[in-house]
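**Q** Below, each chain spelled out in residue letters.
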Amino acid sequence: MSVPGPDGRRATSPDLDSMAELRLRIAASPHLRSSHSTPRIMWNVVGSLVPILAVATYYFGPSALLVVGAATIGAVLTERLFGRKGSTGDGSAVITGLLLGLILPPGFPMWMAFLGGVFGIAFGKLIFGGLGQNVFNPALLGRAFLQAAFPIAITTWPVQPATWWSLRGDNFALPLMSPSAPDIATGATPLGLMKFEGLPTGTWDLMIGSTAGSIGETAGLLILLCGGYLALRKYLDWRIPASIFLTVLAFSGVLYAIGPDRFPNPLFMLFSGGLMLGAMYMATDMVTSPVTPAGAWIFGAGIGLLVVLIRVWGGLPEGVMYAILFMNALVPFINRTTQPRVFGKPRRKPKGAEA
Amino acid sequence: MGELFWILLSAMLVNNFTLHLFLGLCPFMGVSAKVETALRMGLANIFVLVTTSVCVWFLNTFVLPHAPYLRLISFIVVIASFVQITEMAIKKFSPTLFRQLGIFLPLITTNCAILGYAIFNTNRGYDFLEGLMFALGAGLGLTLALVLMASIRETTETASVPAAARNMGLVLIIAGSLSLAFMGFAGLFTA
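Respectively, the protein sequence lines represent chains A and B.
Using my numbering, the final residue of the first sequence is 355, and nothing's skipped along the way.
Using my numbering, the final residue of the second sequence is 1191, and nothing's skipped along the way.
Derived contacts from chain B toward chain A, CB cut-off under 8 Å, selection only: (1) Ser1151; (2) Glu1154; (3) Thr1155; (4) Ser1160; (5) Val1161; (6) Leu1178; (7) Met1183; (8) Gly1184.
Just a sample of chain A residues kept apart from chain B, beta carbon distances all over 12 Å, derived: (9) Arg33; (10) Ser34; (11) Met177; (12) Thr201.
Bear in mind the hints are in silico, worked out from the structure with no lab data behind them.
C-beta atoms are modelled at their ideal positions from N, C-alpha and C, and glycine is treated no differently.
So that you can see chain A by itself, here it is in the shape it has in the complex (with noise of 0.2 Å):
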């Protein structure tokens, strides 16, 4: 008889005898382990979102670098001065800051969006005890901190300027000072557009990312891709955006049907706004999203109806944030009521039997 060791290597014979000479290596489970770790998963996310900042550059010029670079910084300094010991290398800072940079207008004050970076940490994540035990989505809660304290500057959105170089905005106005009057046009998203004046426009142009709206959120096609890269790698759980794609196709789809000249189409629904962005690297941050199969359909499908609901009925013209963060606070209230069964249990309790 052989047992194989631990370590691969045939043990021979494990008589008597040659019991005092068997040398066997204790070692606690798991076995098994895969290469990946968190620091690069999260490194292969900042990777991914790369694609995204570069065509951002290049619709929105410096501006966009500027600022994504100072959500980035606000982030990461948040997460070094007060997070654990050597936090800030596993990248999930990094993340947050770009993503928050990316959901903000190009012309945004720099000063404010680096204020939002450090919300986001610091409230949305550090407060909680760090990665892995938030419950929002640090830079969701950013943002919408940023929303309900800065509520004119995160919603005025340049046009494209003359030439490339040419600043999107005041982003270098001081804090707490009100930013110059912009020589900048300012013009609306294409679901302001849809909201307050009715106007469509075109799909193509919300596909490869040629309109009005936040640094990063407009390429859908791009994002689409980019996401797609990490649901390949399992990254990301692919039924969260596909729960939410298909809800909202299926939601606005429905009403387009009933009033095609009242309600959006639904692929406008789908490319417009930050619902690309959002249901790609918001909704799946692995730490705020349901951990169950079941739960990540229900998950989606709540921020699809709940997204519709907002951009259709609502006050605002876009709900992408808010759907999540509504959702987030849901999530643990999901992974309560559907846990699966465990093997060999009956599928319903027996009459009679309490708890």
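Given the coordinates of chain A, work out where chain B should sit on it, guided by the hints.
**A** Relative to the frame of chain A, chain B by itself:
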């Protein structure tokens, strides 16, 4: 019919008493440690709100037109007596729940959400059914907020929260974050 439904949804989500109007914060902070208790606290609140809505309608229709200066005091008397009745009923039927809710059960009397409801109801001139729906919506909204808070708190129990933010500090931060999330409902159903 549609109008009634919007009143309910609006009171529950858009103008959520706890997370938008910041009324009824003491049970929200005090009885939100466990989901089961929070749910029952919410149900007790729904009961008191609905019964209050009936009484407020009665007072507004028959008594207060003749004696408007009695408004606040009569509301308080009505609320206090119904809380007393609820308390006695719970004590009789579920002593365990009575102990779990503790001081917060009689404190429903001073829960500003209930008095706030009575005053909103009067100011907006709701009729009987509208008032009932408004009470139901407000109660469901309170329950939703309580259950959300409790389920989040249960998961953060094992989190390594920094010492400065343990217990109430973290609860306040969560409450603020929830309130931020609820801001998305602003303006919903008004158009």
